[in-house]
Every structure is written in C-alpha cells, then in structure tokens.
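**Student:** For reference, the chains in residue letters:
There are 2 protein chains.
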Amino acid sequence: MKKVHNFSAGPGILPQSALDNSISAIQNFAGLDLSLLEISHRSKEYVAVMDEARKLPLEILGLDDSYECIYLQGGASLQFCMIPFNFLNNRAGYLKTGTWASNAVKEAGFFGETVTVASSEDKNFTYIPKDYVIPSGLDYFHYTSNNTIYGTQMKSIPECDAPLICDMSSDIFSKRIDASKFDMIYAGAQKNMGPAGATLVIIKKEMLEKISKKVPSMLDYRVHSKKESMFNTPPVFSVYCALQVLKWIQSVGLEEMERRNFAKQELLYNEIDTNEFFVGNTAVEDRSWMNATFVMKDDSMTDKFLSMCKDANISGIKGHRSAGGFRASMYNALPLESVQALVDVMKNFKP
Amino acid sequence: MKKVHNFSAGPGILPQSALDNSISAIQNFAGLDLSLLEISHRSKEYVAVMDEARKLPLEILGLDDSYECIYLQGGASLQFCMIPFNFLNNRAGYLKTGTWASNAVKEAGFFGETVTVASSEDKNFTYIPKDYVIPSGLDYFHYTSNNTIYGTQMKSIPECDAPLICDMSSDIFSKRIDASKFDMIYAGAQKNMGPAGATLVIIKKEMLEKISKKVPSMLDYRVHSKKESMFNTPPVFSVYCALQVLKWIQSVGLEEMERRNFAKQELLYNEIDTNEFFVGNTAVEDRSWMNATFVMKDDSMTDKFLSMCKDANISGIKGHRSAGGFRASMYNALPLESVQALVDVMKNFKP
Numbered sequence: 000m001k002k003v004h005n006f007s008a009g010p011g012i013l014p015q016s017a018l019d020n021s022i023s024a025i026q027n028f029a030g031l032d033l034s035l036l037e038i039s040h041r042s043k044e045y046v047a048v049m050d051e052a053r054k055l056p057l058e059i060l061g062l063d064d065s066y067e068c069i070y071l072q073g074g075a076s077l078q079f080c081m082i083p084f085n086f087l088n089n090r091a092g093y094l095k096t097g098t099w100a101s102n103a104v105k106e107a108g109f110f111g112e113t114v115t116v117a118s119s120e121d122k123n124f125t126y127i128p129k130d131y132v133i134p135s136g137l138d139y140f141h142y143t144s145n146n147t148i149y150g151t152q153m154k155s156i157p158e159c160d161a162p163l164i165c166d167m168s169s170d171i172f173s174k175r176i177d178a179s180k181f182d183m184i185y186a187g188a189q190k191n192m193g194p195a196g197a198t199l200v201i202i203k204k205e206m207l208e209k210i211s212k213k214v215p216s217m218l219d220y221r222v223h224s225k226k227e228s229m230f231n232t233p234p235v236f237s238v239y240c241a242l243q244v245l246k247w248i249q250s251v252g253l254e255e256m257e258r259r260n261f262a263k264q265e266l267l268y269n270e271i272d273t274n275e276f277f278v279g280n281t282a283v284e285d286r287s288w289m290n291a292t293f294v295m296k297d298d299s300m301t302d303k304f305l306s307m308c309k310d311a312n313i314s315g316i317k318g319h320r321s322a323g324g325f326r327a328s329m330y331n332a333l334p335l336e337s338v339q340a341l342v343d344v345m346k347n348f349k350p
Numbered sequence: 000m001k002k003v004h005n006f007s008a009g010p011g012i013l014p015q016s017a018l019d020n021s022i023s024a025i026q027n028f029a030g031l032d033l034s035l036l037e038i039s040h041r042s043k044e045y046v047a048v049m050d051e052a053r054k055l056p057l058e059i060l061g062l063d064d065s066y067e068c069i070y071l072q073g074g075a076s077l078q079f080c081m082i083p084f085n086f087l088n089n090r091a092g093y094l095k096t097g098t099w100a101s102n103a104v105k106e107a108g109f110f111g112e113t114v115t116v117a118s119s120e121d122k123n124f125t126y127i128p129k130d131y132v133i134p135s136g137l138d139y140f141h142y143t144s145n146n147t148i149y150g151t152q153m154k155s156i157p158e159c160d161a162p163l164i165c166d167m168s169s170d171i172f173s174k175r176i177d178a179s180k181f182d183m184i185y186a187g188a189q190k191n192m193g194p195a196g197a198t199l200v201i202i203k204k205e206m207l208e209k210i211s212k213k214v215p216s217m218l219d220y221r222v223h224s225k226k227e228s229m230f231n232t233p234p235v236f237s238v239y240c241a242l243q244v245l246k247w248i249q250s251v252g253l254e255e256m257e258r259r260n261f262a263k264q265e266l267l268y269n270e271i272d273t274n275e276f277f278v279g280n281t282a283v284e285d286r287s288w289m290n291a292t293f294v295m296k297d298d299s300m301t302d303k304f305l306s307m308c309k310d311a312n313i314s315g316i317k318g319h320r321s322a323g324g325f326r327a328s329m330y331n332a333l334p335l336e337s338v339q340a341l342v343d344v345m346k347n348f349k350p
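Protein chains in written order, with numbering that gives the first Met the number 0: chain A, 0 to 350; chain B, 0 to 350.
Here chain A stands alone, though its shape is the one from the complex:
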C-alpha cells in the first residue's frame, strides 16, 4: 500500500509491479548481469521486450494484424507535427476540445489546410461539442478522447468517412472501446501506460500506404514501421516500463479496468454533486472518468481544502492553471481507496 494517494495528472501513478520490475531490470536485466540501462537495444533480450511491447496493445484492444504498433519519442506533441507531415495533403478536420486538441490544430496549420469542425473554446472547454457535421473528403479527422486539463471526455466515437485519428494519451486502456473504428491511435505513455519518454502509435497498415509525401526519416511512420520501431535507439527504459504496465493491464483486462474506473469516478462525482462546498467544472454528460475537475463554491476556502488534502497524504490535486480549483486524476493504477481518502476529506470539510 502506497503511503501517498497520487492524483498527479501526468506523469501519473503506475502499478507497483511495473516499478518493481523496472528496478529489478536496472539491477540485472534478463539474467545477463548487466543493467537494462547499459545494454544494446539490438541484443536479443531487448528485441524480445520491444516485440512484446508492440504486440500487447493490439491484443488488449482486440485488434488484428491489419494494425501495428510502434514506439516513438517526443510525446503526443511530436505526433501533432508528424500526423500532418505524413497525412495532410489537402484538408484535415480537427475537433477542438481543449489545450492539446488546440495544439494539434495549430501544428497541422504549418503543413496545410485545417478545418476546425467544432470547438468548445467558447465555454473554456467545459463541454464536448455535439451535433457537428464532419465534412466529407478530409485527409483525416483528428480528435482528443480525453481532455486532461479541463476534465471532459468523449463518450462516443465520431462517425465520418475520413480516416479517424485519435489522441488517447490520457484515457488509453481505461475502458472497452471499438478500436477497429480508428485508423490511428496514439498516446504519450506518461498518463495511463508508463513513464514519460515513450509514445505509443497504433496504426492501420493501410494508412502507411497512403503516405505520398517525402518525409524526413525520423518523422516518417513508414521508416519506423519498416525498422520495427528500431530505426534508431529507442527509449529503452521507458518502453520496458510501459511493457510492465501493459502486462498488468492485460492481466486485469479492459472489462474489469472499466468497472474499476467507473466505480472511482462515480464515488468522486457523487460527492462533488452532493457536497454543499464543491461544484464540478464541466457539463455532467461530458465528465471525464480520468480527470475530475471541480472548484469550491467559495474560492476563499480553496487553500484550506488543499491544506487538508496535504495532511491526508493526498498529492497532485491542485487544478491546472488554465482551469483553476482542483483536478483529481484517477488513472488505471489509482486504487479506489485513494478516491475514498479524497472523498473523506471532502466530507469532513468545514469552512
């Protein structure tokens, strides 16, 4: 049992088995009497790690071999640039639901024409736009499944005739989804699937055939695919640790993970809605299961509540500067007990 309840928005909490196995591999990797940090990424022992790390996400999501995984560096932010570099020829569509979604549109503008199909910027991204029409003939349609900063989450997958690309950085593997609806899914590892330093890209092989542009090697999905995610030295440790998280996710299963995540968010939002001192930031139907954002009805009490959380060993609860108040990030590895600890502090709050 951890001493601290870790609600950090990212890098976020990881399962203890992933931490333990990572430490063990730094001490002695694969029985080689060498550290994971000091061995060739081309050694057969490490190639086996990469192979398994490329296979497991497909198994977990129920995807067949028309998809493949690669691990890249640079976080989701480098994907904001690589996606249009590879796929934007005429016009691409974006859904603007938060800070990262906005950054994705902005970077794409460097490479060609973008259409912001809908935006919730008018209300500081506190809801998910609905009833928008995605124009036909786009090179791709891009959206962000969960908005870490504002605490909203898409509850359905948009329908469109264009290839569908989704930034799932903050909710990948948190519940069951029909992953086969996507042409590309990507995620910076540091929220729900590992430490910082690795980015998972799951891509439909057909998408690689659609690339018609000349792209610098390091930014070209075809190159990384052809080289089996080893075009150059991969982020060895981050991929190893992500693999340990993936093994844990697989052992739990997405159905059970969804049940756990449902229970956690239900417990917290129920308290937010019934406690006289707190109010949620976002439209109820768009609330994120991963990042709950809320404020005190009387802002002058905020510091007192933060101080009570600190006394209860609750960490990482302060809201992002763009949203204010509080943010409780409840990633996969956060136990229900931690949410209960937070709810207890809320219940005990007296002005």
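Because the hints were derived from the structure by calculation, they are not lab data. Warning: the hint list may mix true and false statements.
Listed next, the in silico DSSO-like pairs over lysine-lysine satisfying Cα-Cα at most 27 Å (straight line) [what the hints assert, rightly or not]: (1) B/Lys212 - A/Lys212; (2) A/Lys105 - A/Lys203; (3) A/Lys2 - B/Lys2; (4) B/Lys225 - A/Lys317; (5) A/Lys43 - B/Lys317; (6) A/Lys43 - B/Lys2; (7) A/Lys105 - B/Lys212; (8) B/Lys303 - A/Lys43.
Restraint ranges, calculated between C-beta atoms of paired labels, are given here [to be verified]: (9) B/Val46 - A/Asp177: 37 to 45 Å; (10) B/Ala311 - A/Gly111: 57 to 65 Å; (11) B/Gln339 - A/Gly111: 55 to 63 Å; (12) A/Gln15 - B/Thr273: 50 to 58 Å; (13) A/Asn89 - B/Val222: 26 to 34 Å; (14) A/Lys204 - B/Ile210: 36 to 44 Å; (15) A/Gln26 - B/Asp177: 36 to 44 Å.
Some chain B residues well away from chain A (every beta-carbon gap over 12 Å; in silico) [to be verified]: (16) Val3; (17) Leu18; (18) Ile25; (19) Cys80; (20) Arg90; (21) Glu106; (22) Asp160; (23) Glu257; (24) Tyr268; (25) Pro350.
C-beta atoms are modelled at their ideal positions from N, C-alpha and C, and glycine is treated no differently.
With chain A held as given, fit chain B onto it using these hints.
**Tutor:** Showing chain B alone in chain A's frame:
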C-alpha cells in the same frame, strides 16, 4: 565491482552511482514518498533536476552563459532533421566520416543544398579526411567527432568561418576540448552520459537569433529554449539518470577522465599492435579512444576468440555488421580493469 566487463557500443556502461541513484529515485524521489516515474515534471523537485541537468554540462565544458543546454528526445537522428530545419537557408557543409555522419547529410538534403566537404567512404570510413578546404559562406559546418561504428575520432577541431555544429554522441565529456569553438554540440545520451531517451543540445544563444524560418514547435530550438526544456513532458527518467552521470563526470573532472581514457586505449591498441593474431581496422593516427575496432588476421579464428571473451565475462565485443570483427567500446565508465581483462584474453589466445 561488476561481474561483467561491458564493452557495449551503446547504450553503454554507466557509473554504478548513476544506477544506484536512479533506482533510489524510482523507489522514493526527493523524499516525497512518490516514484520519480509518477510525479509531475512541473513539481518543484523535478524542475530542480532539470535546472541542474541544464547547468552542469556548461560547467564541465567551461562554457559561459552565452550558451545554454536543452534536453530533447529522438536521439541524434532527430537532430539530423532539426539542424537543417532550423539553420539551413542556402548551403550547409558536412564532413562524411561514417554511418551517422552520412545520415546527417542525407537528412539535410531534404531541406536544402548540402556540400560534402570531404569523405572517407572510399576506404569504408577507416580514416579521417585531412587537408580539405571548407568553403566560406556556409550556413553551418557539421561533423561527427567520433565514429562509433568504424572506430575513428577527430583529433582536432576544423577551422571555418561558418557556425560549427558537432555530433559528439559517442565521445562527449571523454576528454578536454575547447568547447567555445562550437556553436552547437549535441549528443544522444546513451553512450557517454546516460541511458537512451534523452539528447543533450548545447547551443550558443546567438544561434537561436539566426533562425529565420517557420519551424513546427517540437522541432524549433527557440521553443525549447524559451520553455526551458519543458515545452512538453520531458523524458523524466532519462534526464534524471543523465544528471547522475553528469555529477559523476564533474566529480572526476575532464582532465582525469582524459587521463583514464588515454590509459585504456593505450593498453588496448598496444596489444592490438603487438599481438600476432590481431590487426586494427583504422588509420593509426585517427584511432578512436572510445571505440577500438580490430579483426583477427585469420578470420576463421574470430568465433574462437569471441567464445573466449564470453568465458571471461566480456560482453559487447562483436563488431558492427558494417565493419565486422571486434569493437571494444571504452566509454568513460568502463574501468581499466575491464580493458586489462580483454587484453589478457588476447594475450592468452592460441589458435
């Protein structure tokens, strides 16, 4: 004392203190009762890590505050793309001394005109070209200080009127250099200064002012500089571990590091030159202190020697497929005792 003599070409051997401190931080970072892998990169404890990791390289190299450090992802290979993206307006010069140097030229060709000022490709990169003339008026001149695969190393800094950019991935911090002659130095961490996943860029601030192009944010040195290397989530663990290596390098000092590295290479090359069964691959005057490449005069004995090395707990000695034979990488953290162990096996070799 390590059980295995680790001659891996990269990721390569690290000082034990860096491994121990990294494990300790995964268990409990900065006394927070949280793992280094699960805390916000914006926490004041981690910001202090990044600040120190940005300061130490300048101190070690004796550079003043007209320079700054940033940590990026994607290895040296992403720099092959970022350098021309930021700095190539008309024409850039490259010295082609090996695989990585060649990749750097190739990627730059995507962005504009390149001049290969000299090349040693005619003799499979077994020497460093000399007596070449660097044309004037280049946007920059780029070279690779040490060629990991072929085992050659530049022994002097080229003189030119263009900004000087150097890939020091495999020999940074291995000896004293006049770092003030460079406008930009970069290094993938995983050879001489840390684990894979972080790239150190040391850049003269004047260079940032010279950028006149529109560059995607993640590839723009100005953005990373302005955001103090935290534009997006940095490779938290890799930078932390690199900082532990930097502290060790600083405690040893470059003068002593040079003395140690001189002694190691002298011991090995002396054996190569006097042992009747072995021969060095490269021009004697261009031999790398970091990566010694050599073969058996009779190739049919190669497997036997590799097998003897294995029995003596010598790891990572097999040459790169482009060069064949053997490669002994003697990075900073490799003790003289390991080189002695290799030399002993060479001395004891009987056909």
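**Student:** Taking the hints in turn, state whether each one holds.
**Tutor:** For each hint, the structure was consulted:
no., hint, in the structure
1, B/Lys212 - A/Lys212, "holds (21 Å)"
2, A/Lys105 - A/Lys203, "holds (25 Å)"
3, A/Lys2 - B/Lys2, "violated (36 Å)"
4, B/Lys225 - A/Lys317, "holds (25 Å)"
5, A/Lys43 - B/Lys317, "holds (14 Å)"
6, A/Lys43 - B/Lys2, "holds (20 Å)"
7, A/Lys105 - B/Lys212, "holds (17 Å)"
8, B/Lys303 - A/Lys43, "holds (21 Å)"
9, B/Val46 - A/Asp177: 37 to 45 Å, "holds (40 Å)"
10, B/Ala311 - A/Gly111: 57 to 65 Å, "holds (58 Å)"
11, B/Gln339 - A/Gly111: 55 to 63 Å, "holds (60 Å)"
12, A/Gln15 - B/Thr273: 50 to 58 Å, "holds (54 Å)"
13, A/Asn89 - B/Val222: 26 to 34 Å, "holds (27 Å)"
14, A/Lys204 - B/Ile210: 36 to 44 Å, "holds (37 Å)"
15, A/Gln26 - B/Asp177: 36 to 44 Å, "holds (39 Å)"
16, Val3, "violated (5 Å)"
17, Leu18, "violated (6 Å)"
18, Ile25, "violated (6 Å)"
19, Cys80, "violated (4 Å)"
20, Arg90, "holds (18 Å)"
21, Glu106, "violated (6 Å)"
22, Asp160, "holds (28 Å)"
23, Glu257, "holds (22 Å)"
24, Tyr268, "holds (23 Å)"
25, Pro350, "holds (29 Å)"
Comparing the model with each earlier hint shows violations of hints 3, 16, 17, 18, 19, 21; every other hint is respected.
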